[in-house]
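Number of protein chains: 2
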Amino acid sequence: MPLEQITGQVSKRGYEVRLPLAPGEMIYGLGLQFQSVLQRGRKKTLRVNADPVGDAGDSHAPVPFYVSNLGYGILIDTARYLTIYCGDKVTKDGPHPAPAGDAQTAARVAQLPKSFERYNMDQTSEVLIEVPEAQGVDLYIFGGPTMREVVQRYNLFSGGGPLPPRWGLGFWYRAYGQARQEDVLALAEELRSNQIPCDVLGLEPGWQSHSYSCSFTWSDKFPDPDSTISKLNSKSFHVNLWEHAFTHPTAPFYKTLFPYSGDYEVWGGLVPDFLGKEARAIFGDYHEKALIANGVSGFKLDECDNSDFTHSWSFPELSRFPSGADGEQMHCLFGLRYQDTIQAAYKRRNLRTLGLVRSSHALAAPSPYVLYSDLYDHHEFIRGVVNAGFCGLLWCPEVRDAKDPEDLIRRLQTTIFSPLAMVNAWYIRNPPWKQVDREQNNAGHFAEGWEHLEAVCKQLIETRMRFVPYLYSSFVRYHQEGIPPFRALVMDYPDDPQAWAIDDQYLMGEDILVAPVTAGQHARDVYLPRGTWFDFWTGQKMDGGRRVNVDVPLEQIPVFIKSGTLLPLAVPTLHTADVESFQLNVRAYGPGTLECTLHDDDGTLKPDITTLTLIWAEDESQGSVKRSGSKGQIRYSVQKWERRLT
Amino acid sequence: MPLEQITGQVSKRGYEVRLPLAPGEMIYGLGLQFQSVLQRGRKKTLRVNADPVGDAGDSHAPVPFYVSNLGYGILIDTARYLTIYCGDKVTKDGPHPAPAGDAQTAARVAQLPKSFERYNMDQTSEVLIEVPEAQGVDLYIFGGPTMREVVQRYNLFSGGGPLPPRWGLGFWYRAYGQARQEDVLALAEELRSNQIPCDVLGLEPGWQSHSYSCSFTWSDKFPDPDSTISKLNSKSFHVNLWEHAFTHPTAPFYKTLFPYSGDYEVWGGLVPDFLGKEARAIFGDYHEKALIANGVSGFKLDECDNSDFTHSWSFPELSRFPSGADGEQMHCLFGLRYQDTIQAAYKRRNLRTLGLVRSSHALAAPSPYVLYSDLYDHHEFIRGVVNAGFCGLLWCPEVRDAKDPEDLIRRLQTTIFSPLAMVNAWYIRNPPWKQVDREQNNAGHFAEGWEHLEAVCKQLIETRMRFVPYLYSSFVRYHQEGIPPFRALVMDYPDDPQAWAIDDQYLMGEDILVAPVTAGQHARDVYLPRGTWFDFWTGQKMDGGRRVNVDVPLEQIPVFIKSGTLLPLAVPTLHTADVESFQLNVRAYGPGTLECTLHDDDGTLKPDITTLTLIWAEDESQGSVKRSGSKGQIRYSVQKWERRLT
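Residue numbers (our numbering), protein chains in the order written: chain S, 1 to 646; chain E, 1 to 646.
Warning: the hint list may mix true and false statements.
As a list, the in silico BS3-like pairs of lysine-lysine whose alpha-carbon atoms are at most 25 Å apart [what the hints assert, rightly or not]:
| no. | chain 1 | residue 1 | chain 2 | residue 2 |
| --- | --- | --- | --- | --- |
| 1 | S | Lys403 | S | Lys434 |
| 2 | E | Lys347 | S | Lys92 |
| 3 | E | Lys403 | E | Lys231 |
| 4 | E | Lys255 | E | Lys235 |
| 5 | E | Lys12 | S | Lys12 |
| 6 | S | Lys606 | S | Lys289 |
| 7 | E | Lys403 | E | Lys434 |
| 8 | S | Lys255 | S | Lys289 |
| 9 | S | Lys255 | E | Lys114 |
| 10 | S | Lys277 | E | Lys231 |
| 11 | S | Lys92 | E | Lys277 |
| 12 | S | Lys235 | S | Lys289 |
Think of the hints as simulated: they come from the structure by calculation, not from any bench.
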């Protein structure tokens, strides 16, 4: 991009920035957008909002960062609700849109899909940004040369992706919101005895003596919290606790926090000023000593976004905080600094965590938190996976309710092939596979033949367990190289216009393409980029560089493996602490000498990561294992090698 | 309201206003809101937006005016996107919400429906308003003592409601967007020969030689525009032309307008600076001489809102205009001043008009324009009728496409009982009652048995014609007394908590309650306020003060007449110019001496309005007609008197 064409200007409204857009140039990013992937031709106002039902820019995690398919990225360093016009604004006096001048641009434009024409995407234009109130703004420009490298640089500049605990990549189940400690223990027992894998059990608001707002102390539903946690831990369950930051007068640190909170209450609770070190220390210290020390492995940080746009429960934008921030700035940063606060407590204990959070913002890559939403459209949930990868975010398309078993299976498939595989059953006493109807479920009436549905779900969850080694290594690459483990096709195929607008498929790790299906679909179109691909389930070989219509039997989410992939699949176990989970079946897809890389470490906060390379030479009957890097532990071993050529 | 409790404060972000809210106090208004009627407990940011899919305050016509059930209204005089928090914001240091202190308030709170509890509506609270950038703001406070009087005062302060031409209250039909002049003449012929009433034919973009943006000159589809209009006029059709204000280079006044337009183009056209008298004069003068002088009766002023929030086609908020306004201010006022511009041209010709417009704002009551939307949810369209009446707006729940005949009939029923009864068939060559399927319709394939559907629609349109005298008099009251002809139940029953949240029923004129039905409903709940009511269709008498479940046969929209009403119904005619349309059948509902008032005038811009009172004494076998007021014309006569007692 010609840097000299970037201009800035103070106005009475704030600060304006203009950046050039070339013919055929596409723009992506701006955070967790649910409604659109391709941002060229759109206007977005980046307001923090828990209910982003339109395509106006509202988001749980709006991020003032965008990336261009021409191989650069722009971070606008602001905690204001900026407005960005991604092309299509033309001044009457200024240069008018013009078609491509040079041959390279003309060639790019010539490839534009027909459906792109209405946005004038074949013309020159500009990106126009307005930052309210600011008298100037810093832009950070990330070079490529490829789009993927831009995102890598952005993520590495942020600190690199998080290194999650291995258990975080297993299966998560959140228990009924009003469950008592004996219910939770019984649930744990049921999962183990029915042989349904599970690494994390989540507790919803009922664990607290007061919510909303939060007391952060155990309710009488949990008379023996420490022993309950300890029993769960002994069965290799990690415990994740729901909370939000709004601090009820009965919270032990309410009085200490009072001077370090905003002027407005939320649900009768204080809003901690997480931009100040005092609030972070008070809040984090309590969490460390009262909860983390007793075995709580992580938290679900709810409602740290801003739901004023539906019902007015959050603090207003005109709030004032001791740190000097107003409510708008605090909304932009509240989720991020809340994550930092809890993260610092885990760091002091030298523990890794993986948690859930409802809001985030710029430069969030290193934070071991995965976003979620109270919205629930399955298509939007899939689009969330596609979009999160542009901006250093992780997104969990959790399963909550399901309208029927088909819907349950389809949603479960998506979450299984996502950063965090979770069923959030806060609203039902029994697992959804026993009964999807809420009332019936809570009355203990199970659906006829539920055992079959449970078996299907169990098999899906086992599929998740098989991918843990692959996923863990993808996260290590996120951590070390900044490559998002889940990302849009365009990020790997920026020069393929057919990939530019795809919002219902994504890449998982280096070699796998996922094309989720929603309830009611009996077939779906899948775009396979250039190269050769293999159907994960049937092994069928397929030529890429084209759109194919595939059948979608209910029990199979379309997953394709790139030819040239050596795919290590674990033996499914009930949890990741089982040493059996390091036993691998390795599948080679396609001819030639193939390699893949795996990682292992001791699970500490800053581990020596040991790298393991699996190599299968073309002419050998099986592959071999090569260790490299540090002298740390390696638990993997291969029990089976398979090769698929056709 | 205790005025001394209103406070204001400058901040670095703009200006803040705080107003008290009492326990059980309800707030309404804020313009054409589609998602909610009762605003207490909600936050709204009043952005101008053509696609308000969420409940965040975005609206075609956001109006910074609200009215309280305690009998006062507040106008915030700003053309900024203000944010208003309608209760539920609490400062940690300030007074906390408290229940009612006095007996009157306690009694009000005691009546609150159970469903209101979650919003803390039984507590004291405050309305918090933030106006960006402003260093102060004028508040206009309208007294009651009743809620209806507040709205009357607001409307009269604005100049009173518009006096529409009588033909504007007939039936409107917008022709296929690409229709040629012969198609339009054939359509007119078909409507007359099939005896389907119609007063106004609308032409969509195809009439112009260029759109979008607009050339404002006839296309080659209309080689003889003047004779076409004249032929239509001679058959008592009024012609309404679609346009928007964005002025294409081929428009005859493009060059003259250039210096009086904003810095950004929209669809390659100029944005007239309607805040300056030059742009208004250039634009209005052309319309007067080139179109109005040749018989065009009105316009549909499209896209004067702001659709940046979906696809970025409008001018940005940071635009600059010669008048000094920026784009945000211009978006707030563009629709209003556009209406003024056209209205001024009609005034110069001493003609009344009634038109359509996509955006409006504060103090709009006198403007003879009815809002419409590209959104199409039937529930929201009904809610639009309910909400528009709080703020001096009129709303048209137009019929466009229908998914099946049931949907067509249900939607047509709603538009028949609305300020402007219109089918907008821009997308189909033939009337929707011949074929609801778009492709089939355009291929000329009519549905089997379409004649029956046409007959049902015809009967509904005739129902509209029967209500024209009643509606005209309701508009005269809007004009003279400020009483909205369509309004929420709460406006007439502010002391009835059951009426407070009703968003799917409304009052039409003084005496009629309308409860529209959407496709798929086979019965519906209707809340009948205190008193006695009669079913319009069956004459069945029903006790009010309760919720009743009524059957909804497809051909009947639930309409209820208050006992004590003398209802004048016209003989249905093909258009309002037919003198037969002044022949009345008068129905008396309930016992006693009943009266109603009708109005007639010569149709000029500032007419002498003659008032006619119909009186039916309890003991007479029929009523009588009493003339009062000016010596102007009276064309009404009664051909039949009927009384219904049980």
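Which constraints among the numbered hints does this structure fail? Numbers only, ascending. 2, 3, 4, 9 and 10
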